[in-house]
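Participant: Using the sequences and the hints, build the whole thing.
Here the protein sequences come in this chain order: A and B. Numbering (the working numbering) for the first sequence: 1 to 90. Numbering (the working numbering) for the second sequence: 1001 to 1571.
Just so you know, the hints here were simulated from the structure itself, not pulled from any lab data. Fair warning: this is a prediction, and the values are worked out from it, not measured in the lab. The reader is advised that the hints may include incorrect statements.
[As the list claims (entries may be wrong)] Listed below are several chain B residues computed to face chain A (Cβ distance under 7 Å; list not exhaustive):
no.	residue
1	V1184
2	A1192
3	L1200
Backbone N, C-alpha and C define an ideal beta-carbon position, used for all residues, glycine too.
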Amino acid sequence: MNLDIRLPIGGLFTLLGLLLTGYGLMSDASVYRRSLGHNVNLSWGLVVLAFGLLFLWMGRKGTSGARPAETEPAGRETEAREHRLGLEHD
Amino acid sequence: MTEIQLHAIDYVILALYFAFVLGIGVALRRQMRSSTDFFLSGRSIPAWVAGLAFLSANLGAQEVIGMAASGAKYGIATSHFYWIGAIPAMVFVGVFMMPFYYGSRARSVPEYLKLRFDEKTRGFNAITFAGMTVISSGISMYAMGLLLGVLLGWDFNFSVLVSAVIVLAYIFLGGLTSAIYNEVLQFFLIVAGFLPLVYLGLQDVGGWSGLTARLAVTAQQHGFAAGAYTQSWQHMGSPASNPMGVEWFGVAMGLGFVLSFGYWTTDFLVVQRAMAADSMSAARRTPLIAAFPKMMFPFLVILPGMIAIALTTQAGASGFHLPAKADGTLNYDLTIPLMLGHYFPAGMLGLGLTALMASFMSGMAGNVTAFNTVWTYDIYQAYLQKGKSDAHYLWMGRMATVGGIALSVATAYATTQFNNIMDMLQLVFAFVNAPLFATFLLGMFWRRTTGHGAFTGLVSGTLAAAVHHGLSLPAGSSVGIKGGWLGSVMHTYPSEMAQNFWTAIWAWTTCFVVTIVVSLLTRPRPAEELRGLVYSLTERPKDEGEPWFRRPGPLAVVVLAMTLVLNLIFF
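Facilitator: Set out below in structure tokens:
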């Protein structure tokens, strides 16, 4: 697997954050009567945006992306065991 | 009548989510080269991803909506489904059972049963499990169609068709990896969509102290002590003193032991996520990592229900209240959707609805991926077409995905016509599930257990569940689907939940005893055939070199200690 899940999550949340924040800046204050006077689009939009950017950044660093089992000692061990026992299916 | 008005921004958010879901499927399609890639993600998923998927696979929309409804009906006692009914079992499966599931290299739970016991035990489990997944997925689809119709005025056919096509597309392309990735995405969406809702609701109700004060009134109106809705254990002394109608023994044994262990340790839907992990250590940590967010979920899903009922009994500033159904009882199931509509402005509303849709779709996807694997490996490869090439089984997996979704759609429509048949089928599956944990417990920890013992135990446990249900009835119900259908009612339970817990206890005990007796009468398998499959004949996985937070043992202690503290805080 070489798609790091943090990239799509980061991407989606960044876009969602931008949408919410932008909408929060433009929309009329009367919209927020229902949310007890809080401009939740703006405040929560910023949180969502920050989370998205964090995940994009971590995904770019790509430290713990999905790797095949053989790249870890424990994984190699189980692979070897599977091979010994003839449990591989191909 | 539609309850919620969507704006352009809400549709943009929803569309954006759908685009990402399909994009993930497309991006993964080239990586599906073998059947192991498709059904088990090539065993390459990092622990934290597998952990969040383990949690999310169970977090279908019915769970979210149902837990909020229970929060409104029963108050904080609903947390038993988490703090006693989930966490201990999750710890157990990670620490003690994963070495056999992952170590045996079984590709599914039924396949483990085949390795440990015999063909008939596997067949019984595979067929009932496959049936159950299709029905659950179909019912999830039906519930979504119904809800979107009530809330947004969307056409039932449209909702079912769109969700079916999207789920089909991303599993067909990216297999289990696609499902897992979308489950992780859904987890973050649920948190992002519901956390502000809890914040606004709490503010409306006057914080925790305002909530306790209002719920004290609610409790007294129903004839309970003031704390019955806000203290989880204190009123469990007798079924009459709490709104759930259960007592502590039924909760601890029926829910905490039999039902919870039966589900979390043997249900392939969740176990599959751990089997896809990239190493033994990651597989064992999967349920433990899932336990951390799991223990916090009551604050996200149960609390809104409690807020909703408090505001319905004594109106708050914003005027939120639960509507009544035609028969005069409150419509608890609409708690979450109506709160979203009430508190969220355009924008956030789109995010909240996206979270709800995401959980419906990943609930379906979880079932479909479990179905296609069990169908292909445990039914098709085992009984119909043995010894074909791996490419053939990969192709079959894709076909089974199409078939599984087609059956789900059929189930969704059948539910609109014959609600009773669906209820009955679900009941039958509940009977099959109740004794399963006894079989696994004995199979993994007592090497003397034989295939004949396991099979006879399972069948008698299932029968015991059916007989118990057929001879008992919850108070205030009439004979039929609720029980008593064997002709006479020998015991009346104070609530349906109490009846469920005791049905499970009977089934488990019967299976446990019968399995032991029959095993002692039949010939055991030689020890060398059981290596890696039972506790006494398996090397303990070593993890000494790792830091403590990567070792299952210390993680388990932390998880259990935190759960204990949560139980004490809300005691």
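Participant: Could you run down the list of hints and mark each one as holding or not?
Facilitator: So, going through the hints one by one against the coordinates:
The restraint placing V1184 of chain B at the interface with chain A holds, with a minimum CB-CB distance near 6 Å, inside the 7 Å limit. Using the Cβ-Cβ criterion of 7 Å, the hint placing A1192 of chain B at the interface with chain A is satisfied: the shortest such distance is roughly 6 Å. Because the beta carbon of L1200 of chain B sits about 6 Å from the nearest beta carbon in chain A, less than 7 Å, this interface hint is met.
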